[in-house]
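Novice: By numbering that gives the first Met the number 0, the letter at position 53 of the sequence shown is numbered 52, and the numbering carries on one by one without gaps.
Treat the hints with care, since some could be wrong.
What the hints assert, rightly or not - Here are the simulated distance ranges between beta carbons:
(1) A229 with S36: 32 to 42 Å
(2) Q364 with S46: 47 to 57 Å
(3) A229 with A271: 24 to 34 Å
(4) L289 with V88: 21 to 31 Å
(5) P160 with P183: 15 to 25 Å
(6) T343 with A174: 53 to 63 Å
(7) I249 with G184: 29 to 39 Å
(8) E189 with H82: 23 to 33 Å
(9) Q364 with S53: 53 to 63 Å
(10) A302 with T1: 41 to 51 Å
(11) L111 with A229: 37 to 47 Å
(12) I249 with V280: 15 to 25 Å
(13) N227 with E157: 30 to 40 Å
(14) C399 with A229: 14 to 24 Å
Simulated from the structure, these hints should not be mistaken for laboratory data.
We put the CB at the ideal spot given by N, CA and C, even for glycine.
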Amino acid sequence: MTPGSPAANLGIKPGDVLQAVDGRPLRDELDFLFYTSGDTFELTVHSSEGSTRSLLVERRDESFFGVEFEDPLFDGLRLCANHCSFCFVRQMPPGFRPTLYVRDDDYRLSFLHGSFITLTNLEPSDWYRLAEQRLSPLYVSVHATEPEVRRRLLGSREHPPILERLRWLRDHRIAFHAQLVLVPGVNDGEHLDRSLGDLLELGESCLSVSVVPVGLTRCAPAGRRRFNAAEAGEVIAQVTQWRRRYHAAIGRRTVYASDEWFLLRGTDLPLARYYEDFSQVENGVGLVRLFLDAWEADRDRLAAGPVPHDRRTVVCGTLIAATWEQVAAEMRALGAGVVVQPVTNYVLGPSVTVSGLLCGADVVQALESRADGVVCLPRSMFDAAGKVTLDGLTVEELSCRIGAPVLMGTEAADVLAPLPARRSEQ
Numbered sequence: 000m001t002p003g004s005p006a007a008n009l010g011i012k013p014g015d016v017l018q019a020v021d022g023r024p025l026r027d028e029l030d031f032l033f034y035t036s037g038d039t040f041e042l043t044v045h046s047s048e049g050s051t052r053s054l055l056v057e058r059r060d061e062s063f064f065g066v067e068f069e070d071p072l073f074d075g076l077r078l079c080a081n082h083c084s085f086c087f088v089r090q091m092p093p094g095f096r097p098t099l100y101v102r103d104d105d106y107r108l109s110f111l112h113g114s115f116i117t118l119t120n121l122e123p124s125d126w127y128r129l130a131e132q133r134l135s136p137l138y139v140s141v142h143a144t145e146p147e148v149r150r151r152l153l154g155s156r157e158h159p160p161i162l163e164r165l166r167w168l169r170d171h172r173i174a175f176h177a178q179l180v181l182v183p184g185v186n187d188g189e190h191l192d193r194s195l196g197d198l199l200e201l202g203e204s205c206l207s208v209s210v211v212p213v214g215l216t217r218c219a220p221a222g223r224r225r226f227n228a229a230e231a232g233e234v235i236a237q238v239t240q241w242r243r244r245y246h247a248a249i250g251r252r253t254v255y256a257s258d259e260w261f262l263l264r265g266t267d268l269p270l271a272r273y274y275e276d277f278s279q280v281e282n283g284v285g286l287v288r289l290f291l292d293a294w295e296a297d298r299d300r301l302a303a304g305p306v307p308h309d310r311r312t313v314v315c316g317t318l319i320a321a322t323w324e325q326v327a328a329e330m331r332a333l334g335a336g337v338v339v340q341p342v343t344n345y346v347l348g349p350s351v352t353v354s355g356l357l358c359g360a361d362v363v364q365a366l367e368s369r370a371d372g373v374v375c376l377p378r379s380m381f382d383a384a385g386k387v388t389l390d391g392l393t394v395e396e397l398s399c400r401i402g403a404p405v406l407m408g409t410e411a412a413d414v415l416a417p418l419p420a421r422r423s424e425q
């Protein structure tokens with residue numbers, strides 16, 4: 000609750016429940032935003048003391064009311080009912096906190112937070128609502144446009160063809176971002192060509208398409224494998240051809256190979272213009288380019304002033320280790336004592352190579368009793384609050400078990416940040 004806001008002035012307090020707007024029950028935050036978009040509305044509020052009252056609201060500022068919801072979904076999270084053999088959550092080893100095993104497939108979170116959904120669990124009322132409230136854009140896990148291939152990937156034979164769903168979105172002026180998670184021998188090669196061709200026919204309603212390699216943990220189903228370097232090169236070339244076709248047809252390239260393909264191939268990352276509006280950074284598309292460009296911008300600034308000369312150990316996943324080595328060499332040229340420590344992910348499996356999925360136990364194993372100076376950990380390996388790793392270790396516990404002070408960072412320049420003062424020194 001924002002003090003002095005319209006909501007506070009109406010007497011709404013933390014813990015109150017907003018039940019309805021103009022008599023229409025609220026299912027989630029989206030309903031609230033949609034039904035309160037007018038100049039006046041009646042709000043039914045159930046107070047934390049147990050009473051219910053109706054408030055006539057006259058809004059002067061349509062963009063601000065002053066409430067923050069404890070949970071944006073009032074009627075519960077929509078869960079995934081598919082059985083994708085490549086689903087990363089289904090491959091999680093046992094023993095992690097329960098929230099890491101939740102497989103959401105909720106179109107509301109797709110609109111609010113960019114979560115990818117399969118469009119397989121929507122009821123007729125949901126489709127009506129999508130059209131009524133114009134929930135655009137959505138983020139859709141397409142994977143393949145051929146019905147049989149997609150059903151094989153999703154582990155079900157009951158879903159209508161995805162192209163019917165996507166055409167419906169187009170016809171109702173709802174744009175979408177698509178992802179194609181490629182599984183070797185299943186939806187790559189000619190199937191990838193078919194998918195990209197079908198998506199091109201949907202025109203500008205398809206805002207972007209990310210092509211991403213499957214991720215496999217040590218608990219992956221038998222028979223699954225990752226792409227190799229040569230295959231990564233083939234996918235990059237295939238995507239490049241389709242980018243030209245998209246540009247010729249609709250004026251933008253739309254299709255993007257994720258960073259992992261280039262790192263796996265061992266080739267340079269594309270320049271920033273490759274990614275156009277960087278619309279799928281959260282899906283690993285362009286993240287490394289932003290990292291490198293940010294370092295290039297910071298490098299000249301840091302060169303003009305003193306840099307820390309104490310030893311700084313950069314912890315990262317094995318996939319981006321070579322990129323970090325290049326950056327660390329430039330840092331050492333400035334006088335910084337930076338070394339890179341790639342960490343193998345034994346908790347989830349050595350085939351999990353990204354920094355954001357590193358577990359605290361593996362970091363401790365790699366550095367325990369050997370850390371010297373300051374250890375710099377990737378912010379992405381911690382939860383949203385920046386406090387706990389996937390396997391439940393806090394920053395303080397890691398520092399204690401490693402035997403060295405710890406910094407967290409997102410950008411390369413964060414490695415050279417001064418250590419925060421100890422409380423006794425403040």
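Novice: It remains to establish, for every hint, whether it holds in the given structure.
Specialist: Hints and how they fare:
1. Checked against the hint of 32 to 42 Å, the pair A229 and S36 fails, with Cβ atoms roughly 53 Å apart.
2. Distance hint check: the CB atoms of Q364 and S46 are about 52 Å apart, consistent with the given range 47 to 57 Å.
3. The hinted range of 24 to 34 Å is satisfied by A229 and A271, whose Cβ atoms lie roughly 27 Å apart.
4. In this structure the hint that L289 and V88 lie 21 to 31 Å apart at CB holds, the actual value being about 26 Å.
5. Between P160 and P183 the beta carbons are some 24 Å apart, a value that agrees with the proposed interval 15 to 25 Å.
6. Evaluation of the 53 to 63 Å hint for T343 and A174 yields a failure: the beta carbon distance comes to about 40 Å.
7. Separated by about 31 Å at the C-beta atoms, I249 and G184 satisfy the suggested range of 29 to 39 Å.
8. In this structure, E189 and H82 meet the distance hint of 23 to 33 Å, their C-beta atoms being roughly 25 Å apart.
9. About 60 Å separates the C-beta atoms of Q364 and S53, a value consistent with the hinted range of 53 to 63 Å.
10. A beta carbon spacing of about 43 Å between A302 and T1 agrees with the range 41 to 51 Å that was offered as a hint.
11. Checking the proposed 37 to 47 Å range against L111 and A229 shows it holds: the Cβ atoms sit about 40 Å from each other.
12. Taking the beta carbon of each, I249 and V280 are about 22 Å apart, inside 15 to 25 Å as hinted.
13. N227 and E157 have their C-beta atoms about 34 Å apart, which keeps the hinted 30 to 40 Å range intact.
14. Checked against the given bound of 14 to 24 Å, the beta carbons of C399 and A229, roughly 44 Å apart, lie outside it.
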